[in-house]
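> Residue numbers (the numbering used here), protein chains in the order written: chain A, 1 to 335; chain B, 1 to 432; chain C, 1 to 301.
Everything labelled a hint here was simulated from the structure, so no lab data went into it. Heads up, some of the hints might be wrong.
Not everything, but these chain A residues come out facing chain B in the computed CB check (under 8 Å) [stated by the list, open to error]: (1) W22; (2) W25; (3) T131; (4) D135; (5) R151; (6) L174; (7) I271.
With a straight-line Cα cutoff of 27 Å, these simulated DSS-like cross-link-like pairs (lysine-lysine) come out [unchecked claim]: (8) K293(B) x K331(B); (9) K291(B) x K138(B); (10) K96(B) x K138(B); (11) K63(C) x K384(B); (12) K189(A) x K99(C); (13) K61(B) x K331(B).
Computed footprint of chain C on chain A; a stretch qualifies when at least three of its residues, placed anywhere within it, have a C-beta under 8 Å from a C-beta of chain C [said to hold, decoys possible]: (14) 12–18; (15) 240–249; (16) 281–287.
For glycine and all other residues, C-beta sits at the position ideal for the given N, C-alpha and C.
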Amino acid sequence: MSWRGLGGLVLAALILAAVGYWLPWTRTLLIIAMSKGLAALGIIVLLRAGQVSFGHAMFFAASAYAAGFVSRALGGTDIAVMLIVGVVAAAALSAVVGLFVVRYRQIFFGMLNLALSMVLYSILEKFFEITGGSDGLRMRRPSMFGLVLDRNDFDLALVFLSIGFALLATVGVLVYFASPLGQALRAIKSNETRLEYIGVSARSVLLISYVISAVTGAVGGVLLAALQELASPSFSYWIQSGEFVFIAILGGAAHPIGAFAGALVYEGVQIYASAFATDVWELILGLVIVGIILFAPRGLVGLAYETFAGRARKAPADDSGAIYDVAPAAGEQRQ
Amino acid sequence: MSKLGVLAATAAFLGMTSFCLAADKPPEIKIGITTFLSGPASVFGVPGKASAELIVDEWNKQGGLAGVPVKLFFVDEGAGTQTMIAEYRRLVQEEKVDAMLASISSGNCQVVAPLAEDLKVLNYMWDCSTQRIFEEGKYRYVYRPQSYATPEMLSTVLYMLRKKPDLKTIAVVNQDYAWGRDSWQMFSTALKALKPDVKAVAELFPKFGAPDYSTEISRLQALRPDVVLSTAWGGDLDTFVRQASQRGLMRQSLFVLPLVESSLERLGADLPEGVIVGGRGDNYFLNPEYKDKPDFKAFVEAFHKKTNAYPIYPVFHMAQTLFALRNAYEKAMAANGGQWPSPEQVADATKGITTEAYSRPITIREDGQGLADQLLGVSKRDPKYSFAVIDDMAVYPADKVSTPVGKHSADWLKTLDPSILDIKVATFKHQM
Amino acid sequence: MTSELLLIATLDGIAYAALVFIVSVGLTLIFGVLRVLNVAHGSLYAVGAYVAASFGLGIAAAKISPWLSYPALAVAAAIVGIVLGSAIERLLLQRIYDKEEVLQLLATFAVFMILDDVQRLIWGVQPYFVATPLQLLGNVQIGSITYTAYQIILLPAVAVVVLVGLRLYLRHATSGKVILAVAEDREAARAIGINVSRVYLTTFIIGAILAALGGSLASPTTSILPGMGTDMLVLSFAVAASAGLGRIEGAAITALLIGLGRSIAVYWAPELDILVPYLIMTLVLLVRPQGLFSSFQSRRI
Numbered sequence: 001m002s003w004r005g006l007g008g009l010v011l012a013a014l015i016l017a018a019v020g021y022w023l024p025w026t027r028t029l030l031i032i033a034m035s036k037g038l039a040a041l042g043i044i045v046l047l048r049a050g051q052v053s054f055g056h057a058m059f060f061a062a063s064a065y066a067a068g069f070v071s072r073a074l075g076g077t078d079i080a081v082m083l084i085v086g087v088v089a090a091a092a093l094s095a096v097v098g099l100f101v102v103r104y105r106q107i108f109f110g111m112l113n114l115a116l117s118m119v120l121y122s123i124l125e126k127f128f129e130i131t132g133g134s135d136g137l138r139m140r141r142p143s144m145f146g147l148v149l150d151r152n153d154f155d156l157a158l159v160f161l162s163i164g165f166a167l168l169a170t171v172g173v174l175v176y177f178a179s180p181l182g183q184a185l186r187a188i189k190s191n192e193t194r195l196e197y198i199g200v201s202a203r204s205v206l207l208i209s210y211v212i213s214a215v216t217g218a219v220g221g222v223l224l225a226a227l228q229e230l231a232s233p234s235f236s237y238w239i240q241s242g243e244f245v246f247i248a249i250l251g252g253a254a255h256p257i258g259a260f261a262g263a264l265v266y267e268g269v270q271i272y273a274s275a276f277a278t279d280v281w282e283l284i285l286g287l288v289i290v291g292i293i294l295f296a297p298r299g300l301v302g303l304a305y306e307t308f309a310g311r312a313r314k315a316p317a318d319d320s321g322a323i324y325d326v327a328p329a330a331g332e333q334r335q
Numbered sequence: 001m002s003k004l005g006v007l008a009a010t011a012a013f014l015g016m017t018s019f020c021l022a023a024d025k026p027p028e029i030k031i032g033i034t035t036f037l038s039g040p041a042s043v044f045g046v047p048g049k050a051s052a053e054l055i056v057d058e059w060n061k062q063g064g065l066a067g068v069p070v071k072l073f074f075v076d077e078g079a080g081t082q083t084m085i086a087e088y089r090r091l092v093q094e095e096k097v098d099a100m101l102a103s104i105s106s107g108n109c110q111v112v113a114p115l116a117e118d119l120k121v122l123n124y125m126w127d128c129s130t131q132r133i134f135e136e137g138k139y140r141y142v143y144r145p146q147s148y149a150t151p152e153m154l155s156t157v158l159y160m161l162r163k164k165p166d167l168k169t170i171a172v173v174n175q176d177y178a179w180g181r182d183s184w185q186m187f188s189t190a191l192k193a194l195k196p197d198v199k200a201v202a203e204l205f206p207k208f209g210a211p212d213y214s215t216e217i218s219r220l221q222a223l224r225p226d227v228v229l230s231t232a233w234g235g236d237l238d239t240f241v242r243q244a245s246q247r248g249l250m251r252q253s254l255f256v257l258p259l260v261e262s263s264l265e266r267l268g269a270d271l272p273e274g275v276i277v278g279g280r281g282d283n284y285f286l287n288p289e290y291k292d293k294p295d296f297k298a299f300v301e302a303f304h305k306k307t308n309a310y311p312i313y314p315v316f317h318m319a320q321t322l323f324a325l326r327n328a329y330e331k332a333m334a335a336n337g338g339q340w341p342s343p344e345q346v347a348d349a350t351k352g353i354t355t356e357a358y359s360r361p362i363t364i365r366e367d368g369q370g371l372a373d374q375l376l377g378v379s380k381r382d383p384k385y386s387f388a389v390i391d392d393m394a395v396y397p398a399d400k401v402s403t404p405v406g407k408h409s410a411d412w413l414k415t416l417d418p419s420i421l422d423i424k425v426a427t428f429k430h431q432m
Numbered sequence: 001m002t003s004e005l006l007l008i009a010t011l012d013g014i015a016y017a018a019l020v021f022i023v024s025v026g027l028t029l030i031f032g033v034l035r036v037l038n039v040a041h042g043s044l045y046a047v048g049a050y051v052a053a054s055f056g057l058g059i060a061a062a063k064i065s066p067w068l069s070y071p072a073l074a075v076a077a078a079i080v081g082i083v084l085g086s087a088i089e090r091l092l093l094q095r096i097y098d099k100e101e102v103l104q105l106l107a108t109f110a111v112f113m114i115l116d117d118v119q120r121l122i123w124g125v126q127p128y129f130v131a132t133p134l135q136l137l138g139n140v141q142i143g144s145i146t147y148t149a150y151q152i153i154l155l156p157a158v159a160v161v162v163l164v165g166l167r168l169y170l171r172h173a174t175s176g177k178v179i180l181a182v183a184e185d186r187e188a189a190r191a192i193g194i195n196v197s198r199v200y201l202t203t204f205i206i207g208a209i210l211a212a213l214g215g216s217l218a219s220p221t222t223s224i225l226p227g228m229g230t231d232m233l234v235l236s237f238a239v240a241a242s243a244g245l246g247r248i249e250g251a252a253i254t255a256l257l258i259g260l261g262r263s264i265a266v267y268w269a270p271e272l273d274i275l276v277p278y279l280i281m282t283l284v285l286l287v288r289p290q291g292l293f294s295s296f297q298s299r300r301i
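Use the sequences and the hints to build the structure in full.
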């Protein structure tokens with residue numbers, strides 16, 4: 001990744017941070033978008049291996065609830081503790097679940113993830129005494145790295161923290177994709193047996209990506225729970241998983257920043273369309289994604305790339321890598 | 001600029017600022033209300049909205065609340081807690097509402113109370129019932145000008161024991177969320193203290209919003225309890241009653257439905273006679289002590305005209321809450337020498353006020369909880385109405401059946417003395 | 001557990017399983033032939049219920065014979081299935097058959113979202129309760145329990161008719177055999193001159209009619225609410241995936257398994273009732289990912 005690319009990302013983060021600073025009413029939107037974007041980023045990671053998880057929400061929920069349990073046990077805690085607990089919980093869960101799940105591909109991978117996320121949902125929903133049931137698990141507003149902040153300052157700090165994590169995760173995933181492990185993901189999609197022939201275990205490669213995707217989702221889960229001071233069973237429901245996939249494709253699965261672009265649009269439409277006409281936001285988003293699927297499968301990022309990178313960079317006629325690549329620079333080899 | 005000019009400008013500037021600081025009346029009072037506008041609970045929440053609109057329209061025709069017109073904003077609790085929280089914050093932080101009325105769902109109230117305190121916005125809990133809020137926390141900005149779980153459940157136990165003193169077995173079918181769980185805990189603790197030999201043969205908690213109770217009904221038919229209790233409300237209760245009635249369960253067991261007053265009209269002929277009915281306070285459109293009073297009659301008629309239905313207890317709760325808000329503003333203004341009060345002054349003024357809004361007066365005590373007397377009765381047919389009415393009514397005084405300030409209901413109910421069964425209650429019969 | 005409770009649990013489970021089967025068999029048929037997981041199946045279920053309820057209300061308002069509400073249920077399912085089914089297949093699915101799997105899935109998810117709002121806009125958000133077909137058939141006494149004849153007799157009967165009807169159609173009718181051929185090998189079917197595009201349309205419509213039939217049959221038994229399709233959809237996935245996507249008889253058995261599992265859980269450990277279907281699905285997928293009744297699929301090199 002070039003210095004220019006990195007600069008662009010940092011600039012984008014700074015712009016978002018500035019928006020959150022000067023326009024207080026955008027803070028909730030930004031935090032929620034960054035949080036769900038982090039989970040959608042996990043979907044993008046798995047999509048690179050050609051696999052779609054229909055149950056990614058389980059890590060979003062597991063991390064939020066783990067942080068909530070610890071917060072409840074300690075009578076309130078710090079955001080750093082919540083993040084660490086959430087990430088460790090999700091990483092552990094994904095490592096164990098992943099051991100089974102990476103044996104499957106395509107629809108079976110998706111369905112097994114779905115099943116597990118619904119098992120978690122059912123547990124969270126029914127065990128009222130432990131999890132708070134359908135009302136969710138309430139947690140006290142955490143301190144921010146040792147500082148006890150009042151509502152407004154906390155929100156602002158959370159905005160900066162969320163954007164910071166989004167930037168970190170984006171850069172991290174880009175580095176991962178460029179690394180041999182990340183490149184191996186593409187091989188799982190295109191021809192897994194070849195990968196095995198050269199001595200790389202496809203399952204291990206997928207497992208690592210699975211854990212990474214769970215970890216980004218875990219950070220998102222803790223951020224949302226900290227904002228709402230609540231973790232609810234709906235964090236694990238299949239619709240939430242569907243939302244993450246939706247956001248990933250809407251934004252564009254080729255580049256990690258797509259997760260956040262998609263999340264900003266998704267949440268923006270949901271929050272502001274609801275304020276004007278209650279029952280149209282799903283209609284609007286549904287039509288938008290149909291448009292994206294039919295005419296711009298690389299999502300918003302793909303559209304932006306084609307618009308700003310000029311005609312020379314338009315996607316080639318062969319669409320075999322349709323959603324996973326923005327058009328390569330001139331001179332780069334296409335797979 | 002000349003010295004005189006500077007002086008004049010400064011004087012004008014100071015004059016203007018002090019004019020602003022002198023807490024002039026705002027152009028309008030903004031009130032945000034959360035209610036169920038979608039899903040099964042909307043049959044309960046939409047009348048609450050209608051009640052608020054009716055009352056505020058009346059006020060605005062006469063100048064508003066303390067002379068300031070009122071503007072209402074509604075938030076749908078049916079869209080889920082996450083969305084409700086986001087909307088709540090937007091109303092407080094962006095729209096800068098002066099007060100919030102939230103919520104119906106006890107689960108939502110538990111989230112909203114600390115949030116309101118944090119955002120420093122006045123929040124009146126206009127319908128939710130959970131006793132936990134004021135027993136587990138201290139609030140400056142949060143109040144409940146209407147009834148709550150403990151007196152409701154305790155008076156239901158007392159009335160039930162009066163009607164069926166020899167009961168042996170009981171089953172409960174409650175919604176699986178805070179209210180369903182807490183109300184059963186209150187009810188069963190009180191029952192155990194007063195009649196320890198009663199056995200709970202089934203404790204079923206179907207999901208909030210469950211559309212189908214077939215399996216629960218089959219199970220109850222097999223177990224044959226003397227009493228079936230359900231604190232469900234809204235569309236859930238409607239479905240449960242209809243399905244139970246269809247399969248004859250209501251002939252087999254005595255049904256105790258403390259919140260069914262809000263479903264009477266919708267259920268029509270589907271609610272049989274002989275069911276124990278409650279209404280969270282003494283809320284009833286044929287309230288024996290109030291139905292002939294001109295204010296009350298006017299309100300019932302106006303509501304019927306607006307919505308084509310009789311008022312149910314959420315409608316009365318909304319009235320109680322809005323009237324209490326008005327009282328608090330007036331009390332704060334009086335203490336403030338007539339100037340417009342700050343949110344803190346209104347909040348503090350809420351303690352101790354007594355409001356009489358289409359039911360017996362409700363006083364808000366020092367922990368923020370209102371004390372409302374409880375009406376219970378038995379369903380009965382009257383050919384004048386296409387639905388069941390309430391007969392054999394008893395009104396329980398709040399101070400005898402509410403938890404003392406500072407105590408936890410779960411603990412206090414364990415210490416109940418059987419002498420409570422003999423407290424004096426006012427009784428009324430339905431006038432055919 | 002006493003034998004009486006076991007009997008009761010079985011009877012409750014059968015009624016529940018019948019509805020779930022009717023919905024999931026449509027889902028599994030669509031996947032078997034079109035290779036698309038139709039998330040909009042849940043919406044078709046819900047719209048079927050709403051339309052059936054509207055017909056029921058219309059019949060009551062027009063004061064004509066309430067017995068007409070039975071054919072009305074079937075007509076509602078047929079209309080919803082044909083109209084919405086063909087609209088979805090022709091306008092959207094037809095264009096995405098060659099696209100990435102995730103895009104196809106998201107497309108049907110988008111239809112689900114769109115139809116969810118359309119439901120709210122047309123029918124509003126208050127619950128509907130139109131129980132005439134259920135009430136007309138009266139009750140049936142089994143032991144000490146009173147059941148509605150509708151749930152104990154009619155629903156399972158319709159489920160059996162659907163199962164037998166589908167089997168006969170697919171195995172013995174020409175158009176049915178053509179559908180099986182396309183499911184077996186799309187390219188070969190095209191090569192011998194079968195109009196694959198038309199087969200897709202027909203299959204999707206059949207599946208849509210079945211989803212809507214599930215909804216319209218369910219409508220007298222419950223309150224009809226926005227969002228009623230979401231739980232039914234994921235349950236259908238559980239049944240279809242556990243059976244093996246595309247296996248019709250298998251879907252009947254897994255529907256029964258899941259239905260009985262759930263109702264037994266309600267009696268034995270009520271906290272676990274919504275857990276059972278997903279637990280079963282997980283266990284089946286872990287042990288036999290292709291489903292209980294599928295043959296093993298060879299890996300593509």
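> For each hint, tell me whether it holds in the structure or not.
Going down the list of hints, with the structure as the test:
no. : hint              : in the structure
1   : W22               : violated, 14 Å
2   : W25               : holds, 4 Å
3   : T131              : violated, 12 Å
4   : D135              : holds, 3 Å
5   : R151              : holds, 5 Å
6   : L174              : violated, 30 Å
7   : I271              : holds, 6 Å
8   : K293(B) x K331(B) : holds, 26 Å
9   : K291(B) x K138(B) : violated, 37 Å
10  : K96(B) x K138(B)  : holds, 24 Å
11  : K63(C) x K384(B)  : holds, 24 Å
12  : K189(A) x K99(C)  : holds, 15 Å
13  : K61(B) x K331(B)  : holds, 22 Å
14  : 12–18             : violated (count 0)
15  : 240–249           : holds (count 4)
16  : 281–287           : holds (count 6)
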